[in-house]
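Residue-level listing of the chains:
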Amino acid sequence: MKTFYKKFSEKFIEGLLLLSSTITTLTVLLIVVFLFKEGLGVFNQKPVEEGFVIALNKQNPVNKLSSAQLKNIFDQNITNWIEVGGKKDSIILFRMEDITNYYSEEQIGEQYENLPQCISKVVDSLPNIIAFFSTKYLDKNFQGKQLDIDKISFKEFFSGKEWFPTAQPSAQLGVLPLILGTLWVSLGAILLALPLGLAAAIYMSEIANENVRKIMKPLIELLAGIPSVVYGFFGLVIIVPLIQKTFDLPVGETGLAGSIVLGIMALPTIITISEDAMRNTPRAMKEASLALGASKWQTIYKVVVPYSISGITAGAILGIGRAIGETMAVLMVTGNAAVIPHTILEPVRTIPATIAAELGEASNGGLHYKALFALGCILFIITLIINLTVEYISNRKKYNNR
Amino acid sequence: MKMPDENKLAKRKKWNQSIAFWIFRLLSYFIVAILFSILSFIIYKGVGVINWNFITQMPEEGMTKGGIFPAIIGTLCLVAGSMIFAFPIGVLAAIYMNEYVKDGIIKKSIKQMTNNLAGIPSIVFGLFGMSLFVNKLGFGDSILAGSLTLGLLALPVVIRTTEEALKAVDDTFRHASLGLGASKWQTTRNVVLPIAFPNIITGLILSIGRVSGETAPILFTVAAYFLPKLPTSIFDQAMALPYHLYVLSTSGTNIEASRPVAYGTALVLIIIVLIANLLANGLRKYFGKKVKMN
Amino acid sequence: MKSKVLIIALSLYTGVSIAQKLKGSDTVLPLAQKEAESYLKVNKANKVTVTGGGSGVGLAALVDGTTDIAMSSRKIKMSEKIKLQDAGKASKEIIVAYDALAVIVNPSNKVAQLTREQLEGIFTGKIKNWKEVGGDDLQIVVYSRESSSGTYEFFKEHVLKNKNYASSVLSMPATGAIVQSISQTKGAIGYVGLAYVEKEIKTVKVSYDKGKTYVAPSMASAKDKSYPVVRPLYYYYLTTMEKSVKPFVDFCLSPEGQKIVEQVGYVPLTK
Chain A
1 MKTFYKKFSE KFIEGLLLLS STITTLTVLL IVVFLFKEGL GVFNQKPVEE
51 GFVIALNKQN PVNKLSSAQL KNIFDQNITN WIEVGGKKDS IILFRMEDIT
101 NYYSEEQIGE QYENLPQCIS KVVDSLPNII AFFSTKYLDK NFQGKQLDID
151 KISFKEFFSG KEWFPTAQPS AQLGVLPLIL GTLWVSLGAI LLALPLGLAA
201 AIYMSEIANE NVRKIMKPLI ELLAGIPSVV YGFFGLVIIV PLIQKTFDLP
251 VGETGLAGSI VLGIMALPTI ITISEDAMRN TPRAMKEASL ALGASKWQTI
301 YKVVVPYSIS GITAGAILGI GRAIGETMAV LMVTGNAAVI PHTILEPVRT
351 IPATIAAELG EASNGGLHYK ALFALGCILF IITLIINLTV EYISNRKKYN
401 NR
Chain B
1 MKMPDENKLA KRKKWNQSIA FWIFRLLSYF IVAILFSILS FIIYKGVGVI
51 NWNFITQMPE EGMTKGGIFP AIIGTLCLVA GSMIFAFPIG VLAAIYMNEY
101 VKDGIIKKSI KQMTNNLAGI PSIVFGLFGM SLFVNKLGFG DSILAGSLTL
151 GLLALPVVIR TTEEALKAVD DTFRHASLGL GASKWQTTRN VVLPIAFPNI
201 ITGLILSIGR VSGETAPILF TVAAYFLPKL PTSIFDQAMA LPYHLYVLST
251 SGTNIEASRP VAYGTALVLI IIVLIANLLA NGLRKYFGKK VKMN
Chain C
1 MKSKVLIIAL SLYTGVSIAQ KLKGSDTVLP LAQKEAESYL KVNKANKVTV
51 TGGGSGVGLA ALVDGTTDIA MSSRKIKMSE KIKLQDAGKA SKEIIVAYDA
101 LAVIVNPSNK VAQLTREQLE GIFTGKIKNW KEVGGDDLQI VVYSRESSSG
151 TYEFFKEHVL KNKNYASSVL SMPATGAIVQ SISQTKGAIG YVGLAYVEKE
201 IKTVKVSYDK GKTYVAPSMA SAKDKSYPVV RPLYYYYLTT MEKSVKPFVD
251 FCLSPEGQKI VEQVGYVPLT K
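Going line by line, the protein sequences match chains A, B and C.
Counted the way the working numbering counts, the first sequence spans residues 1 to 402.
Counted the way the working numbering counts, the second sequence spans residues 1 to 294.
Counted the way the working numbering counts, the third sequence spans residues 1 to 271.
Incorrect hints may appear among the rest.
Just the calculated beta-carbon pair ranges, DEER-fashion [claimed, not checked]:
#1 C:Lys-44 with B:Asn-53: 14 to 24 angstroms
#2 B:Gly-48 with C:Ala-87: 43 to 53 angstroms
#3 B:Ala-80 with C:Lys-44: 43 to 53 angstroms
#4 A:Ile-381 with B:Ala-176: 46 to 56 angstroms
#5 C:Lys-44 with A:Gly-109: 47 to 57 angstroms
#6 A:Leu-242 with C:Lys-128: 23 to 33 angstroms
#7 A:Asp-89 with C:Gln-263: 51 to 61 angstroms
To spell it out: a stretch of chain C is covered by chain B in this simulated footprint if at least three of its residues, at any positions, have a beta carbon under 8 angstroms from a beta carbon of chain B; those stretches are [claimed, not checked]:
#8 28 to 39
#9 42 to 52
#10 171 to 177
Think of the hints as simulated: they come from the structure by calculation, not from any bench.
Note that the structure is predicted; figures quoted are calculated from it, not measured.
All C-beta atoms in this analysis are idealised placements derived from N, C-alpha and C, irrespective of residue type, glycine included.
Looking at chain A on its own, in the form it has when it is part of the complex:
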């Protein structure tokens, strides 16, 4: 009996342990499910907010307008129908509140009870009109032509160059500037951090004596422990004004400011991982090199670095990963302008910063909300690729060792 209980409790505990260790897997799967369920919802929606119609006069030959065309029309960048395939005639814009230009308040009615008929009549009487109003005020006998808007396409989403998620009447969801902004800043960060980090790793693993190393190691760990808001704060009050002065720029909030802050934040990752890799270089190899008359320096760059190159690569890639996902520090220093950057000295907007700044405002389940989740999906996929690459590289190294 006693052995039975013992066996049972052993099994029970093992089950519990197994359950705990599946939590991480479960979490990753849950994240995937939640992220992608919301994120992919973007492609099921029209850029025009639900509950609104865009209507033309029925004589207008135009049947279809893209989201970008709509934006340009309502921004009055396109002012003639001929530019979007219609007749040569100037475009008349009509928003709901413009109705007072056509009808008096008495005619519309106190409770807006006549508003639908009024809108209908306005659209009917003006052949050049494009009207944007709530479906609530769509007259039963509406004579105009309701415009058919395409759902947001994959291509539009990824190659669109404009990010105006709350634009009326048609949201512009082009994530290209955001993706490029994220990559630019991270690339800049790694270019700054890699040489520095490598130098420190080599110094700590091969050159410095044990005492120096014992002091430096915890300091590097501390660098990793400083919260990202503190980095952001530091960047905002020190680095941003400094960049503005040094390069004599109109603005200090630039990609470079982000890169510097992210570079500092990526340093510990790079240093720790590459140092580990270098210290794992078999002593026999180093000694063989030294015995053959190579100097210590020659041994480092001909033996140690090539031997640990996969570890160094892994460190660099993980450093990029850290930089790509970093949110708060970037949000505070890069200026967040959603334009495709041409140099690193321009303001940029990254994916994480966009999510952090905009998610609060977006109403649950709306188009904007879903678009931000789609951004989250992109971020997730990028970091997953990074992780798998690192895994692949470090596995290959083990294989080579044998």
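Got chain A sorted already, so can you dock chains B and C onto it with the hints?
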């Protein structure tokens, strides 16, 4: 004729080496200098602000005066909440991976997933926490939702450090215990865990340091801009130090007036991280010797 | 099912101690926070939480039921109203104060006045250099709020006449950051509420009649309505919650509460 040439070569070799070494040394010192410039900047600006009242009082006058007490308490709540969730699960998971499964597909896939989880950016955790805990499960913006989100983020850290700690335990202990007829769980509980304990605690402290500084995951799950009273249940919102610093440095009607409070908040945050790191290192050193002596 | 139970448990819990959550516009935030501070000094048993995030955030939270009062610097949108209706809820609108939006530039900028048309050109990216509006030969750097903010919407509606901002506009997560950046950046221009105006930046006189009269933003010009860019600040709450939020809302509308409005730098309601 050969001799001077070789000499020259050797000299150049040595010369090259010392230049290279000096460059590396200088770059390394440069990194340390960066660290110290950040730290000393914040200490210099913040130390004048910090006093007993700053730590124990409520914010006043639109955050330009008074203290940051609720933010400190909020952060403590979040740290405690996330650790209550992440620490046991993380330790159990690590035990399973290190003591129970043999190398193979299961271990590999669990490990891979843990690594993947560790690589996910914190803002994605925020998105996830918002959609699952806040909206789907209906917790609302609350300490519970924030703690769970932060807990998930800390989980890989706990698992990794615990695994390292378990790995460091010499196999002879396990063999001896098993040889004496103890079961696997008995061995783990009575032999392996006590030896690994200090290192596991080190991991716990490090993850506390990490959790207390995170902003992005709590942005949409718990953080409040102003809360004059302390939270009384896990369904309450809370203020938190990192979010408070973010708010102080970007909003408020009078940025200049709230700057000192911002420096003070940054310093408190840094001090927490500093203490966590020092504690972890001290423990590691102290017990590291003890384990070896055994 | 589970979530409903939790929500009920939650609301039961919050029902016991009168707790109020305010969420939304960062413009209303400093006001609400100060009102909350004073209110709590008198009503010690109550609890008021104030969170920012933007007007959109607050109104979305009102629809979701995660806040009691939504602070907004713009009128509730049609789409938000429809969402409330769909959820079977109705909201009540209260104007708590007025805010004058000031256009601000770096103090070193010699441009002192701009017409609405010029502002539209600058913010939509058609005017790119200060010399086009009578200033030095200097690139214009435009700062704006994130698209969530009511300030962003109001400025777009009333100054840009519904046109979109240029995409090169730098968007800042909070108004304080705009002030900070403009004080550091020579060619900068931005817009902030009157409460945020301080000595590190310079306000610009604005003309809404094509340059005939220019008016500087100030408490006085906002009060007598001669300054054109003035907007109301709102609280929205659900009609079903009226009983629990009323004491706090009444406090904000009381003479004492309106005194705080002026202290914070907004324009009190005139009766």
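For each hint, the structure was consulted:
Under the hint 14 to 24 angstroms, the C-beta atoms of Lys-44 (chain C) and Asn-53 (chain B), about 20 angstroms apart, fit the expected range. For Gly-48 (chain B) and Ala-87 (chain C), the Cβ-Cβ distance of about 50 angstroms falls inside the hinted range of 43 to 53 angstroms, so the restraint holds. The beta-carbon spacing between Ala-80 (chain B) and Lys-44 (chain C), approximately 27 angstroms, falls outside the hinted interval of 43 to 53 angstroms. At about 48 angstroms, the beta-carbon gap between Ile-381 (chain A) and Ala-176 (chain B) stays in the expected band of 46 to 56 angstroms.
Taken as a hint, the range 47 to 57 angstroms holds for the pair Lys-44 (chain C) and Gly-109 (chain A), whose Cβ atoms sit roughly 49 angstroms apart. A C-beta distance of roughly 26 angstroms is found between Leu-242 (chain A) and Lys-128 (chain C), which places it inside the suggested range of 23 to 33 angstroms. Separation of Asp-89 (chain A) from Gln-263 (chain C) is about 55 angstroms and conforms to the stated range, judged on CB atoms against 51 to 61 angstroms. Taking a C-beta to C-beta cut-off of 8 angstroms, the segment 28 to 39 of chain C contributes 6 residues in contact with chain B, enough for the three needed, and the coverage statement holds.
Coverage of the segment 42 to 52 of chain C by chain B holds. Counting CB-CB distances below 8 angstroms, 6 residues qualify, and the rule asks for three or more. Counting residues of the segment 171 to 177 of chain C whose C-beta sits closer than 8 angstroms to any C-beta of chain B gives 6, which meets the bar of three, so the coverage hint holds.
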